[in-house]
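With the hints as extra help, turn the sequences into a complete structure.
Listed below are the residues making up each chain.
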Amino acid sequence: MKRLALLIVILSGGLLLYATKDFPSWGDPNSPASTHVSPRYLEKSLEETAVPNVVTAVLADYRGYDTMFETTVIFCAGVACFMLLRKFEPEERDLYYRHIPTGLTLHIKGEKQIPSTSKEFEKIDAIWTPYDFIINTVSRFLVPFIQLFALYVIAHGHHSPGGGFQGGVILGASIIVLAVAFNLRTAVRRFGEKIDGIMSALGVFIYAGVGAFCAILGAEFLNYRALAKILPVGKVMARSHGILAVEIGVGIAVMAVMICIYNNVASEGKFDEGL
Amino acid sequence: MVLNGVVMVLMFCGLVFFTGGGIGILRFPDFYTRLHPAGKLDTLGSLLMMTSVAIFNLHEITLSNALTSLKIMLIVVFVFISSPTATHAIMDAGVRAGLRPWEKGMPRG
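As given, the protein sequences belong to chains A and B, one line each in that order.
Position 274, counted from 1, in the first sequence is what my numbering calls 274; the numbers after and before it change by one each time, with no gaps.
Position 5, counted from 1, in the second sequence is what my numbering calls 5; the numbers after and before it change by one each time, with no gaps.
No lab work stands behind these hints, which were simulated from the structure alone.
Since the model is a prediction, treat every value here as computed from it, not as a measurement.
Wrong hints could be hidden among the right ones.
Cβ pair distances, simulated, as ranges [claimed, not checked]: (1) V79/B <-> V79/A: 33 to 39 Å; (2) V79/B <-> A19/A: 41 to 47 Å; (3) K104/B <-> R189/A: 44 to 50 Å; (4) M73/B <-> V79/A: 41 to 47 Å; (5) K104/B <-> S160/A: 48 to 54 Å; (6) I10/A <-> L26/B: 32 to 38 Å; (7) E268/A <-> F12/B: 49 to 55 Å.
Incomplete in silico selection of chain A near chain B, CB under 10 Å [unchecked claim]: (8) T129; (9) I134; (10) I135; (11) T137; (12) F141; (13) L142; (14) F145; (15) Q147; (16) F149; (17) L151; (18) A155; (19) V180.
Covered stretches of chain B (in silico footprint by chain A; criterion: 3 or more residues with CB under 8 Å from a CB of chain A, positions within the stretch not fixed) [claimed, not checked]: (20) 70–82; (21) 85–99.
C-beta atoms are modelled at their ideal positions from N, C-alpha and C, and glycine is treated no differently.
Encoded structure:
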């Protein structure tokens, strides 16, 4: 069986290598990829969409459908992670608390537990490592800057490398840093599970909603030109603003899905402790 | 002219530190000692390199150039804060996981 699999792998690999011979050579100006649409994008995108960054113009405007379903794929990944991993029934397990004034650790078995509002007792993870002062302070100091940079990346995608996907990942990372430096409960308290689920759907909704809104205003789906009817700008600038709205939707969806996947995987779906 | 000289000196110093870091990562015997060049020399090397790039960018002083230089210096500030912290976190994890430091006579890990 193993030999058969190896044979198949070698054969298909050889076939692929054989087929690469027919590819156009690297950077060939006469290759099909750079003769049909790319020259038009490169020459016309600035005057048609008022976006200096061609990549953003192609991604969110000319190929808007593609990016919309990419966002949907990310949303589906988050939903799949949630469905597969999330557990709601509380398991019977050992709980650990720390008495804050004395520093004693309490180990409770069974169903009983100390209410989370208690001022004297603090819940700690089963595999507890003392929080490191340096890491805590630095991560708390850096989180706002990370979020500010993420917003910059989303908003500045028209002019420089960046956009919704990158900015969304950075936003998600700012919450994940909290979960790594403190614990998962701290991060979930700052950015709850419910709001996370709502935002991941909201991002996709914003994207598809902007498209549908264009259709309502009388143009094709995702043709941002139609937004000029309600925005006080010309048709070209309307396309630029439509791209920004769509990028915000992408950013929200990606951020929420990143946090959802991290929380589910790190805590094995129990959302109480992990990493 | 003076500016170019300053840029060259800073860039050269940065390169020296980066080279030292690279050699250190390859040559030191174990996890902890390897993290030492990776954390410290990279931070100082990038500090010097970025400063030199920021100064080079100011060959003619306009508002946009100054803004770009400011952004480069901001990168330096954040690298200077986050890189040693990351090294510290990795070291800490190594100690907690029970990895013993290398001593003379032990095999190089």
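Could you check the hint for me, namely that K104/B and S160/A are 48 to 54 Å apart, CB to CB? 52 Å, holds
Taking 8 Å as the Cβ threshold, is the statement that the stretch 70–82 of chain B is covered by chain A upheld or broken by the three-residue rule? Per the Cβ count (3), the hint holds.
Interface hint compliance - F141/A to chain B, C-beta minimum distance less than 10 Å: 7 Å, holds
So, I134/A near chain B? Judge it on the closest CB pair being under 10 Å. Hint holds; I134/A Cβ to chain B Cβ min 6 Å, cut 10 Å.
Cut-off 8 Å, C-beta pairs, minimum 3 residues; does the coverage of the stretch 85–99 of chain B by chain A stand? holds (count 5)
If I claimed the Cβ atoms of I10/A and L26/B lie 32 to 38 Å apart, would that claim hold in this structure? 35 Å, holds
Go ahead and decide if the range 41 to 47 Å is satisfied by the Cβ distance of M73/B to V79/A. 43 Å, holds
Do V79/B and V79/A keep their Cβ atoms within the hinted range of 33 to 39 Å? Holds, since V79/B and V79/A (Cβ atoms, about 37 Å apart) stay within the stated range.
Per the hint of 49 to 55 Å, is the separation of the Cβ atoms of E268/A and F12/B within bounds? The hint (49 to 55 Å, Cβ to Cβ) holds, given that E268/A and F12/B are roughly 52 Å apart.
For the restraint on I135/A, tell me whether the closest CB of chain B is nearer than 10 Å. Result: holds, 5 Å to nearest chain B Cβ.
V180/A as an interface hint toward chain B, with CB separation required under 10 Å: 9 Å, holds
Just to be careful: measuring from the Cβ of A155/A to every Cβ in chain B, is the smallest value less than 10 Å? For A155/A, the interface hint is violated, since the closest Cβ of chain B sits about 15 Å away, which is over 10 Å.
In the structure shown, a violation is registered for the earlier hints numbered 15, 17 and 18, in ascending order.
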